[in-house]
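The lines below spell out each chain.
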Amino acid sequence: MSALLIRDLRLAMRAGGGFGLGLSFFLIVVVLIPFGVGPETALLSKIAPGVLWVAALLACLLSLDRIFALDFEDGSLDLLATSPLPLEGVAAVKALAHWLTTGLPLVLAAPVLGLLMSLPMAGFGPIVLSLLLGTPALSVIGAFGAALTVGIKRGGLLLSLLVLPLYVPTLIFGAEVARRGAEGQDYMTPLLMLAGISAAALALLPFASAAVLRVNLR
Amino acid sequence: MSNLTVARGGLPVLEGVSFALSAGRALVLRGPNGCGKTTLLRTVAGLQPAPVGEISLDREAMAYGAHADGLKATLTVQENLSFWAQAFGTDDVEAAIDSFNLDELRTRTAGTLSAGQKRRLGLARLLVTGRPVWILDEPTVSLDAWSVKLFAEVVRAHLAAGGMALLATHIDLGLEEAEELELAPFKAVSRLGDDFDEAFL
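Sequence lines, in order, name chains H and C.
When we follow my numbering, the leftmost residue of the first sequence carries the number 46, and every step to the right adds one.
When we follow my numbering, the leftmost residue of the second sequence carries the number 619, and every step to the right adds one.
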């Protein structure tokens with residue numbers, strides 16, 4: 046298992062591996078928003094939590110199709126399926142590798158970009174916390190979508206259509222945590238809901254991903 | 619393997635295929651393109667279910683080698699092999715590198731190898747799995763005559779050590795341990811016509 050994780054991380058870091066794709070998209074979107082909205086600090090700081098969350102979600106979506114498609118194309122997925130590694134474990138490790146290369150950098154970049162969006166001081170903790178709890182859910186849900194569309198050439202559009210509705214609960218509760226935090230309110234309830242969604246997704250979806258991969262490999 | 623039917627896209631391709639593998643023997647599947655060799659091998663390897671029939675071989679004993687080698691272009695030869703060795707819980711990468719004469723290519727990334735070199739690396743993967751039953755689909759594609767001989771020697775050594783091999787290939791490997799199975803007689807009869815008539819009667 047750890048060998049697969051190390052391999053996936055190594056592949057992501059090498060040329061053309063796509064590491065930084067999500068992060069740079071996140072940076073570009075959040076840097077452009079103040080230009081588009083105009084120099085109204087009050088408005089910016091009001092929309093900052095929502096913008097950061099939507100941008101993070103779209104950045105995550107950008108690299109989803111690589112999770113299984115590359116391994117499917119070069120035949121590694123067939124070989125992984127016939128190897129001693131359980132396919133459920135393969136799906137979970139690939140989602141983890143996706144989170145480490147896409148989700149985690151977003152979490153780390155969010156406070157810096159919060160500054161650009163003039164996020165209120167009280168909002169920095171909650172935005173980092175909500176992204177930290179929410180992005181793992183984005184990665185495992187995305188891995189499930191990637192598993193569903195693995196045999197399809199240029200399945201990116203279908204993948205987005207399948208995954209976006211599944212992302213909505215995470216977005217609602219994640220952005221709610223960040224908004225309430227920025228306004229200085231208590232954000233415990235949405236935070237617990239967000240953590241619950243992530244925990245359920247982490248526990249169930251690797252099994253669902255493995256099941257659809259088995260069907261798609263036939 | 620007894621009375622096996624294999625299907626592709628829901629339609630049976632081969633019906634009633636029965637054969638047995640025994641330690642130290644190889645079975646070579648023959649048949650024209652599109653007759654179902656790959657489908658049969660994928661079914662045996664457990665990648666797709668068999669609608670009818672039984673496979674009594676233990677899947678945990680099999681190593682499957684497909685058309686595609688499953689190599690990562692940005693990893694080196696050594697890294698590619700080490701990954702599969704770790705995935706299969708073995709560590710004998712050196713023997714595999716020696717057997718397929720990959721020593722000079724060790725630090726090259728797989729993306730810079732020629733087609734034949736890639737194939738040799740893909741075949742070296744079989745050795746690092748440490749599994750006794752090799753299921754191989756067209757293993758000699760893009761190999762030169764010298765490499766084919768090298769491959770035949772590796773298979774012979776594997777069989778001599780008590781291994782088994784099931785191969786689909788068009789060329790003669792010169793393996794005296796090999797039996798041949800012609801797949802053409804097992805071609806599934808299409809019943810589409812009958813159903814069609816009934817539907818309209």
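A few of these clues could be false.
Reference excerpt, derived from the structure (chain H facing chain C, CB under 10 Å, subset only) [claimed, not checked]:
1. 46
2. 62
3. 65
Distance condition first, Cα-Cα at most 20 Å in a straight line; then the derived SDA-like pairs of lysine to any residue [to be verified]:
4. H:198 / C:805
5. C:805 / C:657
6. H:91 / H:79
7. H:198 / C:685
8. C:767 / C:627
9. H:198 / C:668
10. H:91 / H:198
11. C:805 / C:686
12. H:198 / H:107
To be clear, the hints were calculated from the coordinates, so they are not data collected in a lab.
Predicted model only: the values in this text are computed from it and were never measured.
We put the beta carbon where it would ideally sit given N, CA and C, even for glycine.
Hint-by-hint comparison with the structure:
Interface restraint check: residue 46 of chain H against chain C, minimum CB-CB distance 9 Å, threshold 10 Å, status holds. At its closest, the beta carbon of residue 62 of chain H sits 7 Å from a beta carbon of chain C; the interface hint therefore holds under the 10 Å criterion. Contact between residue 65 of chain H and chain C, as hinted, is not supported at the beta carbon level, the nearest pair being about 15 Å apart and thus beyond 10 Å. Distance restraint check for residue 198 of chain H and residue 805 of chain C: the Cα-Cα separation of roughly 30 Å exceeds the 20 Å cut-off, and the hinted pair is therefore not satisfied.
Note on residue 805 of chain C and residue 657 of chain C: the hinted pairing holds, with a Cα-Cα distance of about 12 Å set against a maximum of 20 Å. A C-alpha spacing of about 12 Å is found between residue 91 of chain H and residue 79 of chain H, which places the hinted pair at or below 20 Å, so the restraint holds. The straight-line distance between the Cα atoms of residue 198 of chain H and residue 685 of chain C is roughly 19 Å, inside the 20 Å bound, and the hint therefore holds. The straight-line distance between the Cα atoms of residue 767 of chain C and residue 627 of chain C is roughly 36 Å, outside the 20 Å bound, and the hint therefore fails.
Between the alpha carbons of residue 198 of chain H and residue 668 of chain C the distance comes to roughly 26 Å, so the proposed pair goes past 20 Å and is violated. Restraint check for residue 91 of chain H and residue 198 of chain H: the C-alpha separation of about 41 Å exceeds 20 Å, so the hint is violated. This hinted pair does not check out: residue 805 of chain C and residue 686 of chain C have alpha carbons roughly 25 Å apart, beyond 20 Å. About 16 Å separates the Cα atoms of residue 198 of chain H and residue 107 of chain H, which keeps this hinted pair within 20 Å; it holds.
Hint compliance for this structure: hints 3, 4, 8, 9, 10 and 11 are broken, all remaining hints hold.
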